[in-house]
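Trainee: Letter by letter, the chains look like this.
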Amino acid sequence: MSNIVLDAKVPEGPLEEKWSNARFDLKLVNPANKRKYEVVIIGSGLAGASAAATLGELGYNVTMITYHDSPRRAHSIAAQGGINAAKNYHNDGDSVFRLFYDTIKGGDYRSREANVYRLAEVSNEIIDQTAAQGVPYGREYGGLLDNRSFGGAQVSRTFYSRGATGQQLLLGAYQAMARQIELGKVKLYNRMEMLDVVVHEGKAVGVVARDLVTGEIRSFSGHAVVLATGGYANAYYLSTMAMMCNGTAVWRAHKHGALFANPSFTQIHPTAIPASEEFQSKLTLMSESLRNDGRIWVPKDKNEARSPDQIPEADRDYFLERRYPAFGNLVPRDVASRAAKVMFDEGYGVGPLKNGVYLDFAEAIGRLGKDVIEQRYGNLFEMYERITDENPYKVPMRIYPAPHYTMGGLWVDYNLMTTIPGLYAIGEANFSDHGGNRLGASALMQGLADGYFVLPNTIGDYLSDQLGTDPVPTDHAAFKAGEKAVKDQIDELIAINGTRSPDYFHRELGKVMIAEVGMARNEEGLKRAIAEIRRLRAEFHKDVKVTGTNESFNQTLEKAGRVADFLELAELMAIDALNRRESCGGHFREESRTPEGEALRDDENYAYVAAWEFNGVGEEPTLHKEQLVFENVELAQRSYK
Amino acid sequence: MDVTLKVWRQDGPEAPGRFETYEATDISDHMSFLEMCDIVNEKLVERGIEPFSIDSDCREGICGMCGIMINGHPHGDQLGTATCQLHMRKFKDGDEIVLEPWKATGFPVIRDLVVDRSSFDRIIEAGGYITVPTGSAPDANMVPVPKAVADIAFDAAACIGCGACVAACPNSAAQLFTSAKLAQLNMVPQGQPERYDRVVSMVDTMEEFFGSCTNHGECEAACPKSITIDFIAMMNKDYIKAKFKNRRLLGQKA
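Quick mapping for you: the protein sequence lines, in order, are chains A and B.
Sequential numbering from 835 applies to the first sequence in my numbering.
Sequential numbering from 230 applies to the second sequence in my numbering.
In isolation and in its complexed conformation, chain B is listed as follows (with noise of 0.2 Å):
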């Protein structure tokens, strides 16, 4: 098949940017969609064309490196699917693919199809752990937690951090991995001691960076790994808590 590439090119963060076409012929549908990109920016090298930059790395829908918008849908428009998962049967010879970047002002562009999400770090050094130095664990069967438990605290984290969600959300908000981490860790026994900190914490470092949460659930429909927004509730829920229970710590103390 032969599809044409929109790619939007942008050689700096401060730099104007500027859409540019490619063709890419004799594309086979088992291919992946950055494999095509791979064919494409070869082609390019070889010319003597600087090719487009993309993040991908693990190429197994885990690491999270990967994360373009595709048609103005982050990652494509399949369901909880990966950049690196989209393959090119899902398309149509002759179809015309724009590929921009993630756009919030949380991730500056750093060239071409490639952000800077290192505010999302910032958000897990600002609580996102729990407080174990290495070699003060007690026996790992010592803490039992429910099944179910384990099971939703696994779901929230299988968040990957690659940004869709602030990508697709109209506020560029990032409630949605800030929650799925915090309710990864606010779930278990384990994360309970520094539960109100963590939230106040994790919260307030992500509002430095992104936008306001209204409700739209865009997130969820963009996530990969389809991640939910009850997880959000959860996060609401326990910042309100959060006000109370530290306040009245606080009075304590003095």
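Bound-form chain A, shown alone (with noise of 0.2 Å):
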């Protein structure tokens, strides 16, 4: 397999013409043809929802792959803040160039131009889209929708419906998803995991998955296999996602010959609850948009032990305005991030593990009105004193940085098919638009134009050339073969008989990730990590007990089986940021700082994706660069000053 050329296949012709020049260029499947189609999606989030959908609508038939109970539960319903798009409604200067510009500059440069200026593009038609779907954004008094500024923008380009945005946004693409099955369109698999993309003859031609309930091990086939499933960051055990949220698809693709690109650029959120024991599950992410109203600040003594309400503004340390005059607490999220992590080691943390810098309204609350307040983050500042028992509208809330998004994912070109034929991967699952951060109110954009706008486009070149073949049966060998291996890891998993439950391995490689491989990296801690990851690996097959049996509804072979995909994938993300020899974005390697120890790129040696081959478990993967060129702007120095 060493004879990958990564081909991105960015289209001729100035930025601004690349998507017009690719739908032209891309071949058509004619409208009595589509219904001679079949694609497999895997994953019901906004991306894999609103692909779903659209791809019914064009008349493709589509099978619908989910472990949720409901295609509502998707993870994508947890975001709060909001959705960008260019749409300059407030006449406040903001253009796709702009966006397109913001989104790069965001990313710290480790992003496609191409795709970045097409996510841009689509913005708009997205927030048309979903607005005719009935979603309820937030409105003005005249009847037209409201915006908001979300960190690292100057513009008020963030759509949004309180702050369940996510909700919102994902109940409307499961409804359009509703009407193609109801139509027939798309057939719904529920409590259905996938455990296994089937190749054959180079290209995907299906998925192996686990019946969730019965246990039943099946196939399904298709012309064409879409991963829609989502990021990996639970490989930190204490993140922001869904407990369900697992690397397991994207994990087994890469496997079979789908390049990882960029495994180690996860995105820590400045804005989640502390974490309070070492019990506690996951860390409950608080909008970003709440830094709009909140300001940022640690006490100015480490010893302070008076209530942060009775502590006068000279004895407080608003870090983010001193630091970052321009953005203040707008700054981006990995900035922001970071400096509550140079706060904290210095010692001056707040809460009972000092763990925490306060987020305070009172400024804001004297300015505005509690009433005003209540509007715009009502639900959040109840969220935050169910979890906490405190009011926030009384004391300030502490906020603690958490593993969030992960920007890296399968490896995909122009078209966002990875590097198997008639394999795609969609929306977080790939790694093409958010560079070594992600902004706020990026991710919704990016899952929605992936599903809605780019795919149904795209895929119609790869599947033009099926015409005329059926997909391959799933009683072929090839499948035959996919379930066998999938029982046999199964089987084997629940064969270990040890003494540990999968929780406790999950909790364990979440330490040494959040250690080594967390908001600062290091060689020596990276490699570290790598040779724990791989002793508490061999622990796992070893020592892991799965109760139960195969056959039955059974949450702990799940589990199972995720946790031993994050100990790969792991292992993957912590070689990837020890090659990385420089700092972008969210990935902040300590030996490359500036003077002022904010992260220094290298452009010189390392302006590529790093998309890294499978070779075997525990074997060196191999590095494949893709040499990112820009043509449109300009490389600087990051500053939010």
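Honestly, the hints are just simulated from the structure, not real lab data.
Some clues are possibly wrong.
Said to hold, decoys possible - Think about it this way: if two alpha-carbon atoms lie no more than 30 Å apart in a straight line, the pair counts; the simulated DSS-like pairs of lysine-lysine are:
#1 A:LYS1175 - A:LYS861
#2 A:LYS1228 - B:LYS319
#3 A:LYS1037 - A:LYS1475
#4 A:LYS1228 - B:LYS466
As the list claims (entries may be wrong) - Facing chain B, from chain A, some residues (calculated, C-beta under 7 Å):
#5 GLY968
#6 ALA1012
#7 PHE1464
Just so it is clear, the structure is predicted and the values come from calculations on it, not from any experiment.
Cβ coordinates follow ideal geometry from the N, Cα and C atoms, glycine included.
Using the hints, put the two standalone chains together into the complex.
Mentor: Pasting the structure below:
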């Protein structure tokens, strides 16, 4: 496989014309022929549901596989803050180019220009589409759409539905898909977990999945397979992700030959609720929009004992406003997270475990009144109070950075196809649009851009060549081999019959990841992490305990399979971080920083996408580089001062 | 703190159920209810006993995946709270806590505390959408929505589809869920063309799976998103209106 050549298939022409040129050049499928194609989509989040709805509308036959009980549970539902678009409804100087520019710069110049420009371009159509679906966006009194500003941007381009934008957009996409289910164009399989990709004659021809209720191992075939399976930040155990989010689908595709790009790029989100004790199962995110009105500070005295509302202004350090006067509390997530980490590391953390910083609304409540703040953030304040038993209208919130979104994912070309022909990856499952850092309100944008607008155009190019071929039948040897591999792995997990729960290994892995592959990384620590992950993986395969059988609803078995994959994927995350001896966005190598301590890129040596080829578990993977070319932006040191 | 759990165990939809008792010891009151369950379950796994199955995912009160009867109340007795947001500080040392699945014929038990709520998806598939194929939408600001309408549509849209309303209802009715979905779409200008067809087909589908509403109001009390039964009134009004409107349209066609 080492003869892989990474062809990003970026279309010809000036940036502004690339997407229209591509749409003209991509081969089309005649409307009457679309019904002859079967597409298998895994995952029902924003990307998967919007793709299923749109492909169904176009006439394709779609199989939707989700491990949830209902597609509406997909973790996109938890996104709070909003979705960006370059509408310039507020006449504040926004444009497609500015959204493109901010996204490229925010990602620290580690994403592909053409992809990012296309994302900015279709952003406006997403707002139109979703508003027409009845998504209850925030409105002005005149009935028009309202916007807010969001971390990393100096214009108000973020559309929102209170603090539940992800929920509303997901329900919109899910409902559009539900319409296609009723029409028979989308077949839904819920509580069904994809466990392998089936590759035949070099092409993806289907998947093998486990019915989570009965344990039955089943195959699904199609002319193309689309992974819309989200991110893998649960490798850190404590993250803002839902409990079931995992890396299994992308990892197993990777083991079949799909290259994995920038696996170490994880975004650490600055505004999660701090962990209180070891038993904690997840970190709850508080929307970044809170930073619009909240001011972040720590006491100037490390031994401050007063309650925060009793600490006078003079004894507070508003460290973001001090260090970054131009952006202040609205600096991008990686910058805000690292600045907070500096404060904890120096001993200024607040709260019982000294692991938080204050996010204070007293000034905003004084200026705007409690009602306005309640209108804007009421549900978030309520959520905070439920978890911490503290009233954020009275005392400042405590926040802490948490692993949140993985910018890495399967390598895809401009058409969103992986290095396995016929296998696509969309939304967070691919690597393509966020570079080293994801800005606020851009994940929802990418998921929906890929699902509603990009994939439905690009997939035809591949499918048109398959005209006249039937999907490989599921009793074909390729499927039988996949089913056997899956069954063998399950049997092996159950047969270990050790003494430790899958959760134990997951937590241990998380500790290594957050300590050594977290907000700050260095060579020594990463090497330690790799050794430690290997040790833990060996222990897992000797000592994990899976109760019950395959032939029943078995949540322990589900977890064990996912943890087994995390124990392999985590190693690649560390290897990638070790390879990249520069700092960029969410990836901060301590060896590479400016005299002021900010992230320092090395454009000469690292302006590439690191795409890794699998060579076996525990074997050194092969690095392939996609050199990034910047013709429309000038690479500059990011500065938010 | 230490608490005792009485947990409903049922191997499958047809299998007989029973209560099992488990001790949860050294529980911190900062712990969420589900984290407490995790600890109990992890200890069961390490003793080789199959843990009790329980659905949960986001643990932020938004995905709607969690949902069990806690001491006879859906999601416990704290108002406006999903199971995942319930914290152990609401319990006392020595408490006995009873955990049961949602009980309704529309939600068959899969195992232990996990039920099948896909009947809700069937209701959405029957018309819980606005027909707008991708790419055919006008500019978003072409269709203004009065702020008051958008706000109430949001209140309805806040439904997380957890099923607590059905579990709380003495009749196992799904009026609160269905009406919240209908209200969101039927109130906004975008939803008007399909308004009356939508209400008929969603209500008729709902009735295939669930019982009838007799205005107990238990659903509103149990809803973790505090969705109001006013939406049920809206749904009923639209349903009656639809009988007349749709008949006239049918007449015109003939």
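Trainee: With reference to the structure, classify each hint as holding or not holding.
Mentor: Going through the hints against the structure:
Taken as a hint, the LYS1175 (chain A) and LYS861 (chain A) pair is broken in the structure, with Cα atoms around 50 Å apart against an allowance of 30 Å. Between LYS1228 (chain A) and LYS319 (chain B) the CA atoms are separated by roughly 21 Å; this keeps the pair inside 30 Å, and the hint holds. Pair hint LYS1037 (chain A) plus LYS1475 (chain A) does not hold up; C-alpha atoms about 49 Å apart against a cutoff of 30 Å. Pair hint LYS1228 (chain A) plus LYS466 (chain B) does not hold up; C-alpha atoms about 43 Å apart against a cutoff of 30 Å.
Proximity of GLY968 (chain A) to chain B holds as hinted, the smallest CB-CB distance being about 5 Å (cut-off 7 Å). Against a cut-off of 7 Å between C-beta atoms, the interface hint on ALA1012 (chain A) holds, since the closest Cβ of chain B lies about 4 Å away. Hint on PHE1464 (chain A) is violated. Least Cβ distance to chain B is approximately 31 Å, over the 7 Å limit.
In this structure, the earlier hints numbered 1, 3, 4 and 7 are contradicted, and the remaining ones agree with it.
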